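Participant: UniProt numbering applies: residue 1 is where the sequence shown begins, and numbers increase by one.
No lab work stands behind these hints: they were computed from the structure. Among the hints, a few may not be true.
[Stated by the list, open to error] Computed Cβ-Cβ distance ranges for the label pairs, DEER-style:
#	residue 1	residue 2	range
1	Lys109	Pro35	21 to 31 Å
2	Leu8	Ile144	25 to 35 Å
3	Asn25	Ser112	17 to 27 Å
4	Asp165	Pro35	34 to 44 Å
5	Cys18	Trp161	35 to 45 Å
6	Leu30	Glu172	13 to 23 Å
7	Asn142	Thr36	27 to 37 Å
8	Lys109	Ser84	16 to 26 Å
9	Asp118	His5	44 to 54 Å
10	Glu51	Glu173	28 to 38 Å
11	Ser49	Asn139	20 to 30 Å
[To be verified] Straight-line Cα separation of at most 25 Å, DSS-like style, residue types lysine-lysine; simulated pairs:
#	residue 1	residue 2
12	Lys56	Lys44
13	Lys151	Lys13
14	Lys38	Lys58
15	Lys131	Lys56
16	Lys38	Lys56
Quantities reported herein were computed from a predicted structural model and do not represent experimental measurements. Note that the Cβ used here is the ideal one computed from N, Cα and C, for glycine as well.
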Amino acid sequence: MTQPHITLSRLKKYLKTCSQEQLVNEISELFRRFPTVKQYYQIKLYPESEEQVINKYKKAIENEFLPSRGFDNTMHKTAKKAISEYKKISQTPLGLVDIMLFYVEQGVKFISTCGDIDENFYISIEGMYEKAVTFISDNGFNDIFQERCQKIVEDTSDIGWGFHDALSEIYEESF
1 MTQPHITLSR LKKYLKTCSQ EQLVNEISEL FRRFPTVKQY YQIKLYPESE EQVINKYKKA
61 IENEFLPSRG FDNTMHKTAK KAISEYKKIS QTPLGLVDIM LFYVEQGVKF ISTCGDIDEN
121 FYISIEGMYE KAVTFISDNG FNDIFQERCQ KIVEDTSDIG WGFHDALSEI YEESF
């Protein structure tokens, strides 16, 4: 027999039955148990600390792309997970774009350092670049991120597999 899945409406009904003290206790327990909840409230209560939090996620991404580890098919998945986690706690779209472009920059640096990687790796980096550039265009951030996006394309000029051409096309369509 399958267990029923909780829905947001069911959770809201439950929370409405709780006293303020019970709600404080619930949130406090979540805060203690789940680091992402703690980071969410860190940014929500102290917006100036978002840079510090984003740097933590950037470090996690950078660690996945360290050339000394060698190539591992799962590393870009782990790095993408850091972006997904940051997206859940982020309070500003600029921070999200920053971390997405950082992922692409680290991927390009890894390719430049280690040489050709398998096709899925290129597809992953290209896909993130496209998501970032689309997000930039959709939110009117072109002036803020155009130079950085252009540099990424320039840094891929000697990389094969049509990677440079794909990133150039994405860039040209948006900027």
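Participant: Are the hints correct? Go through all of them and say.
Facilitator: How the hints compare with the structure:
no.: 1; hint: Lys109 x Pro35: 21 to 31 Å; verdict: holds, 27 Å
no.: 2; hint: Leu8 x Ile144: 25 to 35 Å; verdict: holds, 34 Å
no.: 3; hint: Asn25 x Ser112: 17 to 27 Å; verdict: violated, 51 Å
no.: 4; hint: Asp165 x Pro35: 34 to 44 Å; verdict: holds, 40 Å
no.: 5; hint: Cys18 x Trp161: 35 to 45 Å; verdict: violated, 55 Å
no.: 6; hint: Leu30 x Glu172: 13 to 23 Å; verdict: violated, 45 Å
no.: 7; hint: Asn142 x Thr36: 27 to 37 Å; verdict: holds, 30 Å
no.: 8; hint: Lys109 x Ser84: 16 to 26 Å; verdict: holds, 21 Å
no.: 9; hint: Asp118 x His5: 44 to 54 Å; verdict: violated, 37 Å
no.: 10; hint: Glu51 x Glu173: 28 to 38 Å; verdict: holds, 30 Å
no.: 11; hint: Ser49 x Asn139: 20 to 30 Å; verdict: holds, 23 Å
no.: 12; hint: Lys56 x Lys44; verdict: holds, 16 Å
no.: 13; hint: Lys151 x Lys13; verdict: violated, 50 Å
no.: 14; hint: Lys38 x Lys58; verdict: holds, 18 Å
no.: 15; hint: Lys131 x Lys56; verdict: holds, 22 Å
no.: 16; hint: Lys38 x Lys56; verdict: holds, 13 Å
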